[in-house]
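Letter by letter, the chains look like this.
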Amino acid sequence: MLAKMFMFEWRYFVRQPSFYVTSLIFFLLTFFATVSENIQIGGGGNVLYNGPFSIAQTLLIMGIFAMFLVVNFVASTATRNDTSRMSELLYSKPINPLSYQLGRFLGSFAVVATVFLFVPLGILLGTLIGGLTGWVDPERLGATDLTHYVTSYFYLSLPTLLVLSCFFYAVAIRFRSMMAVYLSAVALFILYIIAGQFASEPEYRTLAALLDPFASNTFREVTRYWTMFDKNNAGIEMTGILLQNRMIWLVVAALIMVFFGGFSSKVRLPKIKSTKKSKKEEKTDFSDLLNNNISYKSSGIQTFAHLVMRTKFEVKQVIFSAPFLVLGALTVFLLVAPLIDPQGMFGTPNWPLTQAMVTLIQNSTELLIMIVLAYYSAEIVWRERNSGMGDIVDSMPVNNVTFWFSKIIAMGLIIVLLYAFGMFATIANQALNGYDNFEVSQYIVRLGYINLLPLLMVAVLAFFLQVISSNKYMGMMLFVLFIISTITISNFGFSHNMFQFAGAPRLFYSDINGYGNFLTSHSWYMVYWGAFSLILGALGYALWHRGPAQPLKTRIKNAGYYLGAPGKVAIAFGLVVFISSGSYIHYNTRILNEYVIADDREDLQAEYEKKYSSYLNADIPTITKTHAKIDIYPSIRKIEAVSEVSVINTSDKPIERFLVSKPAFTKVWDVTFTGGKLGEVDTKFNTAWFEFDKPLMPGETRKGELSATRAHQGFSDGNNDFSLLENGTFINNFELFPVFGYQEGNLLTDRHKRRQHDLEPLKRANKLEDESFYNESFFGKGVGFIDFEATVTTSEDQFAIAPGYLQSESLANGRRTFHYKMDAPMVNFYSVMSARLEVKKEQYKGINIEVYYHKTHAMNVDRMIESVRDSIDYFTVNFGEYQHKQMRIIEFPGYRSFAQSFANTVPYSEQIGFITDLRDPENIDPVYYVTAHEVAHQWWGHQVGAANVQGSAIISESLSQYSALMIMEKKYGPEKIRKFLKYELDRYLRGRSVEFLEEMPLLRSENQQYIHYRKGSVVMMSLKDRLGETRLNAALQAFLNKFKYQSTPYPTTLDLMAFITQDADEQEKAFVSNLFEHISIYDLKTTDVTVVKVEGKDDLFDITLTIEAALNRADGQGQETPVEFTDLVDIGLFSDDPENLGADDFVMYLQKHQIKTGTNKIKLQVKGKPKFAGVDPFVKLVDKDGADNIYRL
Amino acid sequence: MLTINGLSKTYDNGVKALDDVNLEIPKGMFGLLGPNGAGKSSLMRTIATLQQADKGSINFDGIDVFADPQALRQRLGYLPQDFGVYPRISAYELLDHMAILKGIKNKGERKEAVEGLLAHTNLYQHRKNAVSGFSGGMRQRFGIAQALLGDPDLLIVDEPTAGLDPEERNRFHNLLVSLGEKKAIILSTHIVEDVTELCPNMAVLASGQIILQGNPIALTDTLNGQIWRKSVSQAEAIEIEKNMPVISKRLFAGQTIVHILAQNAPEGFESAPANLEDVYFSTLHSHRNTNQSKAA
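Those protein sequence lines, which keep their order, are chains D and E. Quick note on numbering: the numbering used here labels position 930 of the first sequence as 930, and the sequence is numbered without any gaps. Take any residue in the second sequence, note its place counting from 1, add 1193, and you have its number in the numbering used here.
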């Protein structure tokens, strides 16, 4: 029986087209993902397409989609008897439930497993065929190894498929409804995404890895720190957490089947719900009603009355249905995770600003709403057909437009309500968090006008697609195709929003700058797409289904009749508006403003590089003096800027000509120097040669002028200028003025794109040892120290800021004029700002501390000032004088999120720091940290520069990290620093796992952020621990003093290391070398600890720790080789878990001991019995598994 | 009142549902008889504006139905052969809903009509229950009630009495007859008795063609004196079928009664009065024979 049922199911599905269609879909998806650049499922970076990591990742991602495969096959097996009305026939036969159900279940499971086999097959054939035809970059293919496919399929996919099959089978058996199964699938899918958000938090990672039925989090945990080498070589092993996860889920699957699989109970018909007996009517005799007049005539087509009634009816049908309640609950659930556990910098949450809440609602409901549109458009449009009332209702004297309108209103109401639920949830969250600036108007404008309106248009389109389809499944398929097309269409050059249905340029919101000019462009696009939707809507009701299966052809013939005069007028009106608004948008986005599609931009970048890269090292003049006159007109977004400059030739050869690049958004510009002129502009690359009639001789200085007028007209399609704004202008000199020399910022950086365009592999930095770049600053060629003076004017209601000290401020003719002058040389990298902000000023030791902030972002201003004070104190004592007499922090709109340190001026994005919620003292204080980091740059970066070679960012960034961490440690204590360093270590290890060229040792970091920030923090703090604060600071101060304001030559990391090791012994030198010159990965483990009470002494214990130690050196790809080491490492004994940061005085013993490669035994004698013991307990060294350092007694 | 001219319809799968149908339907009850699959429902749906024909035209009281279906819908009542209802809506609410759709604007009038129709279909005591929970017969009665809303001038009822018990069927027939004088009522059925009882006019549809049309009494008269019957055993019946033009067999008290159409009485047969059923079966019989000989 079991075998027969199995074969029956198998044969049944193998005859179904869905078997072949889904197999083909799964095959093609993975096949094209492998051979095409445009679709990406797994992999990424430099990972081999047929390496174990890519294969596993692709299988895991497809495993999530397999949920719908399982629903299709397994759940339909479970419900088929009921849906095909076979059950009455079947269940009257003598059936053994166990073999009957199990046979059917296994049969459909076998089908699912078979269909899923097409995923690994797709990768295999994709890499083989792609390799042969050259579709796939051969550098991304390794040797084909079938074991990777087999292990991934059997370890990762098959158990997942089994769990899903059991779950959905049980749901289907229990509820006997496909609807229930679909809903549970969507719910599972969404809950899974929510859980994924929690899972990225370090403390939940292990739990998530254990409990993930799809094993995605498990795989992520296993491979968290895998380097390129590991990803391309290490196979997946069924050990550790993966094994535990798979065992857990196999047991769960078995339990589900035993208890809910329907094996034990007899197969039976669904229970018929007993219908409510009607209450006895008081009036039983109703014969008088027979005399009622039943022949009232129809008084014609009552469009308005119909519309009112049908709308009420449709709304009721939608709202009071189980799926809608589930959706509403899901919307709220979707928001719960990010609200309960908001992710901010270093785990510290931000205040629940309305702008963030709105974005949260938008993002978290995006996918859900697409599902809602696909599902409900089918459900609503086909309601009459599905209920069986179609024939009756369609023959009623009702206009098509009535049906269409009432249904689209119901559809729209669903989305409105889902947003409203989201809004109530977030407002409740704001209130609970003690935040009362609700800004309801922002909710309404952004959710309603920016998001909802286009979604309503998509609903109109979904209706239209349903109407032209002959059944609802075809309509849903067309809609899904539409969604896919919106994703892929831009790959074919149709990225302009005039081609993206209901699309508009993305609106960026900032509290400081509000909606900027985005509402204008949004409105025009809404008119454009609204007109198109009007046409679609009219056609939608004209072609409405009247009667069963009226072919589209017939309906098109009758369209004119159903359209009527108003419909025809609407279409004509729609066409006129569509074309005219389209022309206006075209004029604005393509003629007044520039629009370049991504592919063309890449081509341009490649051509630029080919044409001009030979001038990479050509000598250019260096500016030594700038006197700028900058007029800012915020309301019309215009800057007129002229800068009188002096230049010098710092090279040893005459300069006859040099390249100049035109600034963006600038039509009028010029560069003049005596004895030369600007040549013709190459408009393709916006670049020109400046030719000297009389060459600029070595050491010669000349005067000249740079000018530019940056202005905006109309609106653009995504080509945004976030530097010049109505409120919050923040622009630096390289953006504002013409720049000299070959622009490396224009280069294509993606390795594969470079190969496609036949470009040499990118050189990220000059060799550390190449002395020819030692006189060049890390800001690039031709950027040195300048004398600076500027006159900046702006509108009356704003203030303007430039480097230097305010000499005068005046107001005339509605213009405010500020004159700034710098008293010390400063790096030729400065910013100009203009904004309307609040200010808080404070004098501290002769230094003016000023913080400019948006009026609703006052929360952390005092903390910033405190950080500046503490920084100035500590840095002055330990590194040297602060070179300026003021420090200004200026908030700028959150379109860009960074803080940047200019001479005594720190522009600081509204997205970081200003809005951080610092009320919980347990959390890390990122405001204090970021501020201190930026202040530290006044020393590291502004006093001492760095040569333009490898490791330059170590001097500016790692040293600033260290400085900031030191004052953090003073204020918050070492526990907080440990917590901080844990984040830093994790981010370093994860950063190196996605490196796509080559990881460099610290000394040679090539502008790799995970090295100069993250590893920099870890390394500098472990150096401080090893050498002591005093010694390290003395070395840094000596380094700074030697290179202060020095530009010939600038220092390198070699100089820095020399100062650090100036008085070090051999072992310390080896330690520093491990940190700086090598990629060193320690592996320390406490394998055993014995505690023996000392005879006769009451409270004395002998402790023996067994420690396994190893040090590995990794190459740039992450391949590790062990090296011998002997060094001093912390050994600690604790009365409480050292992870527990809240505990006080838990350290019983903490001393450095000699540890060498291999097994070490450490014997100690302490008072009191420790509960925890371990090596390097606070993970000061780079160790991938810090947890095994500690041994719990 | 209703004129159907040269109506033809072939479905995408090649089935010819209607083949040059011409009908003239006056006021009063009109019976449309035909075996399963004859095209009755296709014809009904086409008249009820739910389906477009490939060829031909339908005209009702001056309305070109294909050109202006909305005009007909205002005067139409339609009970499809098979229908469902919206879930979770009570009989009263649903009928009221349909009444609004029909265009009965006045609230008082609507209430009166809805209650009256519920009473006529014997559903009044169930008016607060969901129609989706009704039994087959009750649902059919609801269908009848909705078709009568708005006092339609053209009433199309497709197998209306399927699933009704004899009492309800009688009640419905009486209702139809009482309405029948003022309007055109097309009653599609495969039960000959219904037509005999109700319709002054009728047509027989087979394979999409009208093969017979006329007044039932007149049609029956043409066969008078040509129908012969004999009561035999089943085995004998098979034997007779081989040799003679049997138009119908029917069981009566365990014996098979065979009807034969012939000018003179065959051996052992007795004369029988012709009835509509004989007309129907003999027409079908000869229609099939013609088709078979055509095919041969």
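Since the hints were made in silico from the structure, they are not lab data. Just so it is clear, the structure is predicted and the values come from calculations on it, not from any experiment. By construction, the Cβ of each residue, glycine as well, lies at the ideal position given by its N, Cα and C atoms. Heads up, some of the hints might be wrong.
As the list claims (entries may be wrong) - So the derived list for chain E, only partly shown, Cβ under 10 angstroms to chain D, looks like this:
#, residue
1, A1260
2, P1262
3, V1370
4, L1372
Claimed, not checked - According to the in silico footprint, chain D covers these stretches of chain E (three or more CB under 8 angstroms from chain D):
#, stretch
5, 1212-1218
6, 1287-1300
7, 1381-1394
Hints broken by the structure, by number, lowest first?
-> 3, 5, 7
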